[in-house]
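**Q** Okay, here's what each chain looks like letter by letter:
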Amino acid sequence: MELTLQELARLVGGELEGPPERVVSGLKGIEDAGPSDVTFLANPRYAKALPHCRAGVVLVRPGQEVPEGLAVIRVADPYLAYAKLLAKAVSKPYQPLGVHPRAVVEQGAEIGREVSIHALAYVGPGARIGDRVILHPGVYVGPGAQVGDDSELRPNVVLEPGCVVGRRCLIHAGTVIGADGYGFVRDGEGYFKIPQVGVVQIDDDVELGALNTVDRAATGRTWIQRGVKTDNMVHVAHNCVIGEHTLLVAQVGISGSTKVGKNVVLGGQVGVAGHITVGDGVMAAGGTGIAKDVEPGAVIGGVPAMPHQLWLRTSSLIRRLPDLFRRVRSLEKRLAGPSE
Amino acid sequence: MELTLQELARLVGGELEGPPERVVSGLKGIEDAGPSDVTFLANPRYAKALPHCRAGVVLVRPGQEVPEGLAVIRVADPYLAYAKLLAKAVSKPYQPLGVHPRAVVEQGAEIGREVSIHALAYVGPGARIGDRVILHPGVYVGPGAQVGDDSELRPNVVLEPGCVVGRRCLIHAGTVIGADGYGFVRDGEGYFKIPQVGVVQIDDDVELGALNTVDRAATGRTWIQRGVKTDNMVHVAHNCVIGEHTLLVAQVGISGSTKVGKNVVLGGQVGVAGHITVGDGVMAAGGTGIAKDVEPGAVIGGVPAMPHQLWLRTSSLIRRLPDLFRRVRSLEKRLAGPSE
Amino acid sequence: MELTLQELARLVGGELEGPPERVVSGLKGIEDAGPSDVTFLANPRYAKALPHCRAGVVLVRPGQEVPEGLAVIRVADPYLAYAKLLAKAVSKPYQPLGVHPRAVVEQGAEIGREVSIHALAYVGPGARIGDRVILHPGVYVGPGAQVGDDSELRPNVVLEPGCVVGRRCLIHAGTVIGADGYGFVRDGEGYFKIPQVGVVQIDDDVELGALNTVDRAATGRTWIQRGVKTDNMVHVAHNCVIGEHTLLVAQVGISGSTKVGKNVVLGGQVGVAGHITVGDGVMAAGGTGIAKDVEPGAVIGGVPAMPHQLWLRTSSLIRRLPDLFRRVRSLEKRLAGPSE
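Residue numbers (the working numbering), protein chains in the order written: chain A, 1 to 340; chain B, 341 to 680; chain C, 681 to 1020.
One chain only, chain A, in its complex shape (with noise of 0.2 Å):
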């Protein structure tokens, strides 16, 4: 990637405050960035950066004081413009594949055009595989699934037969979509299997993280709603709507039937009970117990969920009951001395 200043400003939509002409390569953080790299100040926390800043321009945003003679390109939002430079530098023309002879395709599949399927992935009969889509190694699409166009399964993603992975979709390696939901019905000294018949549908330009486990519903379906993107070991139990471009951090497990509005941001480790609403714009933070429905927009932490300032409050005062306790005793023992 070669560009003057003013393309620059021009492809991420920024007023240049510098030389038009000067020519910028690399892309580098600011600590690292040289004369010919593009850099950006996003958190004002490294503004004291910038006098000692020897790039070749700095992505800024639009009222950030700036040291003399340092090129600049003003935009609402420096990091996404970064990111999507970023993007385009690395990125490289997609060239399919084809079908793999040792890949394994069954009779009555349905293939799209210019896919890439790799050796010793696995389609099933009836499943249907859109254009552009690559199957890695050891994916397995099982009878009667889909996979939408420019859609691309890592390594060993297994999807269960019947379940629906929409466009533009990254599934990372490993992750099972459509293992039976986990139901079961007490019957005399042991339990009976409840037949898990509903399938995932996960909606466009969705992305999971690796070894994620999304259940097939019992009946109807578990839905992943477009644009939602996981961590890895994300568990997503039977029946569950996890709405629009909501984020589940690592490890996050969340109970059957359990509705996840949009927007929501749950934090690392976060459990969530079954049957219960989680509202749009929720934040969680990581390790957040979370028993009961919680109202739109709010901030919550603890175990179990509380407001977020208040676990901030209690989560300091946890460490000091023994002192509490002390001091209680202590109250105790001068109260009953005046009254004896």
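Derived from the structure by calculation, the hints contain no laboratory data. Heads up, none of these hints are tricks.
Partial chain B-side listing against chain A, Cβ under 10 Å, derived: (1) LEU367; (2) TYR419; (3) GLY549; (4) GLY567; (5) ASP571; (6) ALA590; (7) GLY608; (8) ARG669.
Think of the CB as a built atom: it goes at the ideal place given N, C-alpha and C, for glycine as much as any other residue.
Model the placement of chains B and C on the given structure of chain A, informed by the hints.
**A** For chains B and C alone, coordinates are given in the frame of chain A:
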């Protein structure tokens, strides 16, 4: 499935109150069921739906009050009866597929009758595969491992060498049985690995969820007893014993050499320390941290584990700690005042 | 293995007290060992078993009192000595199997000497596989990835493109090395993916448990240093550094850009926030929630993390909160009484 109510009553062992010749063919929830459907009422909370219920027949408990004119079959456990009907309706006769030419079965493996060994499954030397076993693509059955009759290993399950799965088991995708237990001993600046020379033994009628890990024993066996059912991402360490008909919900982790009794239920994300005993019939709420032995029949919650009733009260008080600290401070001031 | 006690003493570097010509051939626990077995006494709690011990010889610490007539070998670390004997007894000479005809090795991969690349393993173009490496069925080694000499990747391990595993490493089944780090930036109503262009570097002598995830760095590397040992289901996010000889027990999750020092032990289900530093030698009890930097050598527990001794006292008080609230209420009443 097409049945008269008379046939249906006989099938579920219940008592019909309604037209014996009416024919039903579908199974639906109480709100969705129409005149040709069977539905059920298990949870009394849904009894208010009965007056509007349009179902051809409703499975209800013996004492349930019902509106006049609504056909019902009275049966001890309506949900169980419904689940069994559903299972019957969706079950398909087993069709053995044989050994796919693109499966890999090594010399010296013993393969039972009427198996279905899919493409890209692997069976090592000395492994024994029972009758009617299903091995999906990507399954690995290591040297000397055994899979009992009528068991099914979903895609990418790993059964390490020498480990044993019983009859009628279902192991969900990506689960790893028989990885080395986690055992190291300090050796100078680093660690020396304790050889893990035991196995995993899984008894009959066990279902393991997706992406579980059950580690092989240091010596002897890690033992999952008959009828155990696990959810996804459950971890069972080396030398554990999990008793009959115990349920382990998603993301439970059990440390080494711990014995979990029979008919136990551990909720999601429960953690259990090593070398302890969790008694028969124990129930632990999601997120419980179990560090010590638990008496049979105990119902527990919290970190560290306490009786569940106590945890319910305690957990509602944790968020009131800031208030409590203020109140104690106020008491101290008032008590200090007069004494000065 | 058949050895005289004299040979055995020399092998473990210990001092024999007993008949030098006695021959032993087995290794058993102190309760089970018979006249032809070696056993050991490491934990003083088991010393009461010594009087009844029937073993041919017992490995004991230098100062251990022993009953008359019991043959012992005194050695600084009896358990380590025993583990080394056990390892010696069960080890088999390595037999290279070569490249199985049903493995897939792409053009341009470099394969070392005496490898064992099993059926259904995949090695991508430009990958480099060292000498005596074992790749089990279902393993994926991506384009440009490297596996050092004498390392073993168990079934279905995924090593994504460009990532590096050192020498003498053991990676357990289903572990995913090099999935994209979890990085997104708001873009209108949804998110834009930050390209993850770094790699994972795993140094020599590392063992990773089953179903781990170690994500590739945003830029640069996620770095697992020499001698690290992880249990199952451990998650290490992008750009983390895990120091030498650190132990991560099952279900630990470490957020992005965090540095964990050397010789650290994090217990099961510990969660660590992002962008912090956990000092050398830290020990954290199972379930600890680490949100801030931790000083070297600290022993911690609880959520949020506190000194372990404090956590032990605090955790025993949490269950007494209902009692404490009652006592404070009672104090308030008594104090209110006289003042009226």
